[in-house]
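Residue numbers (UniProt numbering), protein chains in the order written: chain L, 1 to 74; chain S, 1 to 74; chain W, 1 to 74; chain G, 1 to 74; chain A, 1 to 74; chain D, 1 to 74.
These are computed hints drawn from the structure, not numbers from a lab.
Treat the hints with caution; some may be incorrect.
As the list makes no split between identical chains, a pair holds if one copy fits it or if it spans any two.
Think about it this way: if two alpha-carbon atoms lie no more than 25 Å apart in a straight line, the pair counts; the simulated SDA-like pairs of lysine to any residue are [as the list claims (entries may be wrong)]: (1) 73 - 49; (2) 18 - 38; (3) 18 - 53; (4) 73 - 34; (5) 73 - 11.
There are 6 protein chains.
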Amino acid sequence: MPNITVELLAGRSLEQRKAFARAVTEHAVEILGARPQDVRMVFNEISPDVVANGGVLASEDASRAGVLAALEKR
Amino acid sequence: MPNITVELLAGRSLEQRKAFARAVTEHAVEILGARPQDVRMVFNEISPDVVANGGVLASEDASRAGVLAALEKR
Amino acid sequence: MPNITVELLAGRSLEQRKAFARAVTEHAVEILGARPQDVRMVFNEISPDVVANGGVLASEDASRAGVLAALEKR
Amino acid sequence: MPNITVELLAGRSLEQRKAFARAVTEHAVEILGARPQDVRMVFNEISPDVVANGGVLASEDASRAGVLAALEKR
Amino acid sequence: MPNITVELLAGRSLEQRKAFARAVTEHAVEILGARPQDVRMVFNEISPDVVANGGVLASEDASRAGVLAALEKR
Amino acid sequence: MPNITVELLAGRSLEQRKAFARAVTEHAVEILGARPQDVRMVFNEISPDVVANGGVLASEDASRAGVLAALEKR
Chain L
1 MPNITVELLA
11 GRSLEQRKAF
21 ARAVTEHAVE
31 ILGARPQDVR
41 MVFNEISPDV
51 VANGGVLASE
61 DASRAGVLAA
71 LEKR
Chain S
1 MPNITVELLA
11 GRSLEQRKAF
21 ARAVTEHAVE
31 ILGARPQDVR
41 MVFNEISPDV
51 VANGGVLASE
61 DASRAGVLAA
71 LEKR
Chain W
1 MPNITVELLA
11 GRSLEQRKAF
21 ARAVTEHAVE
31 ILGARPQDVR
41 MVFNEISPDV
51 VANGGVLASE
61 DASRAGVLAA
71 LEKR
Chain G
1 MPNITVELLA
11 GRSLEQRKAF
21 ARAVTEHAVE
31 ILGARPQDVR
41 MVFNEISPDV
51 VANGGVLASE
61 DASRAGVLAA
71 LEKR
Chain A
1 MPNITVELLA
11 GRSLEQRKAF
21 ARAVTEHAVE
31 ILGARPQDVR
41 MVFNEISPDV
51 VANGGVLASE
61 DASRAGVLAA
71 LEKR
Chain D
1 MPNITVELLA
11 GRSLEQRKAF
21 ARAVTEHAVE
31 ILGARPQDVR
41 MVFNEISPDV
51 VANGGVLASE
61 DASRAGVLAA
71 LEKR
């Protein structure tokens, strides 16, 4: 531990996952005092048609259209 | 919050997910006093060959054959 | 299944949890076609000093002070 | 309950999942005193490019190459 | 990995948790081909007033009274 | 989203949780392109007698005694 789960919309690249895992692991060592080898991270990629905010699926939520469009361009 | 995760067998339609997210969000507001925009729901769809009850995978469990058949018809 | 996890700020009453479990279970039966005995719900109560939004713990987030005050009154 | 979630690298066979679910359910009954029908297990299969240890994705981690190669052979 | 989470009613002894962790880890090695040091298990102990089956909290569910009584005797 | 869960041994201070939440949120914005207000983090604090590695509870694992002693001093 720490055992970190990152639930996020699908669409990030391998390079983004690598950079995020590296950066967060460094902070877990510096701030939380963890041993590097004990820091574990799993990305749980979610499709916008299985997540809802305020009762509206993200795939049908106009206020999130910009977020989704940015992810699809990658 | 509430941050609600719904683990369920795959096979429900988009319309079912939309209706369920809307209904549960309304109850979270009315019963739990949540703000609508704070209610988040994620559906985690599960295949019957990765879930077991009583040590038997759902895909091989005769007592659940009716449930699975109903989902496949959709 | 459905196996439903509800992560929420601590402070709701037993009556609220009972009413919410009953209402959501009814919707799971009506909307998702679940068998009542298969619907499971776990409430995971969270303290405001272990959850952060936008990098700020809820216990130090002025914009959530109203939410927390309402929960503490119960 | 117990409600058991097994997060593991993808690649195990159906037979392995069946045998593991059966064995763990027996132990839950014998050691934990559970009723067999209450023991539930979900396998959450993970791809090596979404899990990191020590800040390094498993798909790029030389020290885990043997583990991955063994899974791919199946 | 495997990273195993065991959600269960509170009330099991330290000895039960130790024996269960040891037995399941052995099966993960034998059946799933895991390395012993990679098998991780977390027990998530749940109170009967935060879990509902079929819309009824376990603490108010007569059909589970026997299970709860057995746990309380320990 | 991202919705980040950090499972870790109990014993970190409020200041450590604040600093870690802030740092990780910044990286989620910079590296993953998230909106700050969408980044959510929950710390799930675990006691060493409910987590096992290699079949041995952390509370009885001599190789982790240093980690636990450091947490208890805080």
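Hint check:
{"no.": "1", "hint": "73 - 49", "result": "both (18 Å within a copy, 21 Å between copies)"}
{"no.": "2", "hint": "18 - 38", "result": "both (17 Å within a copy, 21 Å between copies)"}
{"no.": "3", "hint": "18 - 53", "result": "between (28 Å within a copy, 11 Å between copies)"}
{"no.": "4", "hint": "73 - 34", "result": "between (36 Å within a copy, 15 Å between copies)"}
{"no.": "5", "hint": "73 - 11", "result": "within (9 Å within a copy, 29 Å between copies)"}
Checked against the numbered hints given earlier, the structure satisfies every one of them.
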